[in-house]
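Enquirer: Protein chains in written order, with the working numbering: chain A, 353 to 489; chain B, 4 to 236.
Because the hints were derived from the structure by calculation, they are not lab data.
Fair warning: there could be bad hints in the mix.
What the hints assert, rightly or not - Only pairs whose alpha carbons sit at most 20 Å apart, straight line, appear in this in silico SDA-like list of lysine to any residue: (1) B:K158 to A:K393; (2) B:K158 to A:A453; (3) B:K158 to A:D406; (4) B:K101 to B:F190; (5) B:K158 to A:L371; (6) B:K158 to A:L377; (7) B:K158 to B:Y67.
Spelled out from the first residue to the last, the chains are:
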Amino acid sequence: MILPAIILVVAVAMLLQFLVFYCRLLVAAGRRVELSESVRKVTGIEGQTVSGEDFPRLRRLVELCPQTDGDGYRLGAIRAYHAFLRVLETLFGMVAPPAAAWATSERSGCAYYAAVTLDARIAQTRRILESDSLTLS
Amino acid sequence: MLGPIDYLVWFLGFALEISVVVCSVAEGRFSRYLPLNLYMLGAAVATAGDFYFVEHYGLTSLAYRYFYYYSESLLIILLYFSIFSLYQHVFAEMQASKQIRAVSLILLLGTACVSFLIVRQSQDHLTGRFVVELSQNLYFVGLVLTYVLWGAVMKLRVTRTRVIQLALSLGVFFSAYSATYALRNLFPGFEIAQKILPPLVALWLPLTWAFTLWRVPEEARLETARLAATPAR
């Protein structure tokens with residue numbers, strides 16, 4: 353009975369870790385992308401910093417635009433990751449400030465990722481509109 | 004009795020397994036990901052075999068159980084080869100393929116020997132709990148191997164998105180299966196771990212691999228190095 357219990361605990365921990373790795377990769381990839389001026393105006397983002405608290409607002413804006421390149425599932429993963437980080441931040445806020453600080457930084461990355469997704473969706477919608485107007489004319 | 008949802012999941016699994024191979028062939032990279040494709044072909048054959056045994060002998064028959072668990076054990080061994088092929092992709096620049104082949108051969112022989120010894124000692128109860136235990140251990144070995152592979156990906160700062168996604172999918176698959184089998188071992192009467200989780204987890208690997216091969220270009224790159232210390236913005 354001990355071996356299956358150990359395997360269960362280790363497997364669940366590793367499962368969580370692999371999922372977190374995946375989300376961190378997405379967030380890190382998002383951070384490399386520069387936001388366009390138009391998205392900065394729409395979202396009110398100035399400079400390079402986005403607060404993690406902006407994530408729900410940015411996600412709602414993203415949902416107003418049509419999906420591009422199947423990015424919906426990635427945003428879903430980031431949404432779950434953001435919720436997980438919020439729990440982590442609350443849990444470790446008093447006990448381990450460095451862990452809470454890391455969670456805050458990652459949540460900010462999630463918000464930035466949502467802004468990058470919004471940018472991509474707006475750009476894609478513009479391209480479609482432009483090609484449609486060219487076809488009509 | 005199997006319901007329409009069971010058959011749907013079954014068919015979906017088969018279609019996804021075949022689509023992984025079709026994606027590889029269409030892209031002309033069947034041999035580049037040969038072990039992965041062989042595993043998917045094997046999984047498709049096993050899925051079709053499962054269907055045949057259920058239709059002809061019934062879900063509770065001994066013939067189906069034997070086919071299911073033994074084909075699964077063989078598929079896990081094929082999956083080990085897939086992991087080692089990913090190791091070769093990761094260590095390609097270090098030209099360590101000989102060492103990787105040697106290690107994989109030792110591990111394969113070791114697993115075969117241990118399995119043989121376990122089977123020989125448990126000849127009188129080869130069904131039921133024993134096979135669940137064996138599968139649980141085989142999946143756990145796979146999980147450890149994938150974890151080490153992921154460590155190498157991070158350490159060597161591999162940037163190829165495909166390799167990263169294939170490895171991560173394997174990690175999630177092995178950890179989810181290990182956890183499911185451990186649950187089955189701990190709570191034999193637990194319906195969710197017995198009937199609902201295994202077919203859903205089985206869909207994960209063909210689904211994510213098909214997506215990776217279909218949507219992620221071979222040239223795509225991700226910066227794993229950023230994970231080591233992600234700067235706050």
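Enquirer: So if I understand the rule, the pair passes when the alpha-carbon distance is 20 Å or less; does K158 (chain B) with K393 (chain A) pass?
Expert: With Cα atoms ~39 Å apart, K158 (chain B) and K393 (chain A) exceed 20 Å; violated.
Enquirer: Against the 20 Å threshold, does the CA-CA distance of K158 (chain B) and A453 (chain A) hold or violate the hint?
Expert: Between K158 (chain B) and A453 (chain A) the Cα gap is close to 24 Å, so the pair fails against 20 Å, i.e. violated.
Enquirer: Sort out whether L377 (chain A) lies within 20 Å of K158 (chain B), counting only the CA atoms.
Expert: holds, 15 Å
Enquirer: Hint check: K158 (chain B) vs L371 (chain A), CA-CA at most 20 Å. Holds or violated?
Expert: holds, 18 Å
Enquirer: Mind checking the alpha carbons of K158 (chain B) and D406 (chain A) for me, to see if they're no more than 20 Å apart?
Expert: violated, 33 Å
Enquirer: Between K101 (chain B) and F190 (chain B), is the straight-line Cα distance small enough, at 20 Å or below?
Expert: The hint is violated at about 43 Å.
Enquirer: Assess, step by step, whether the Cα of K158 (chain B) is no farther than 20 Å from the Cα of Y67 (chain B), and give holds or violated.
Expert: violated, 44 Å
Violated hints for the displayed structure, listed by number in ascending order: 1, 2, 3, 4 and 7.
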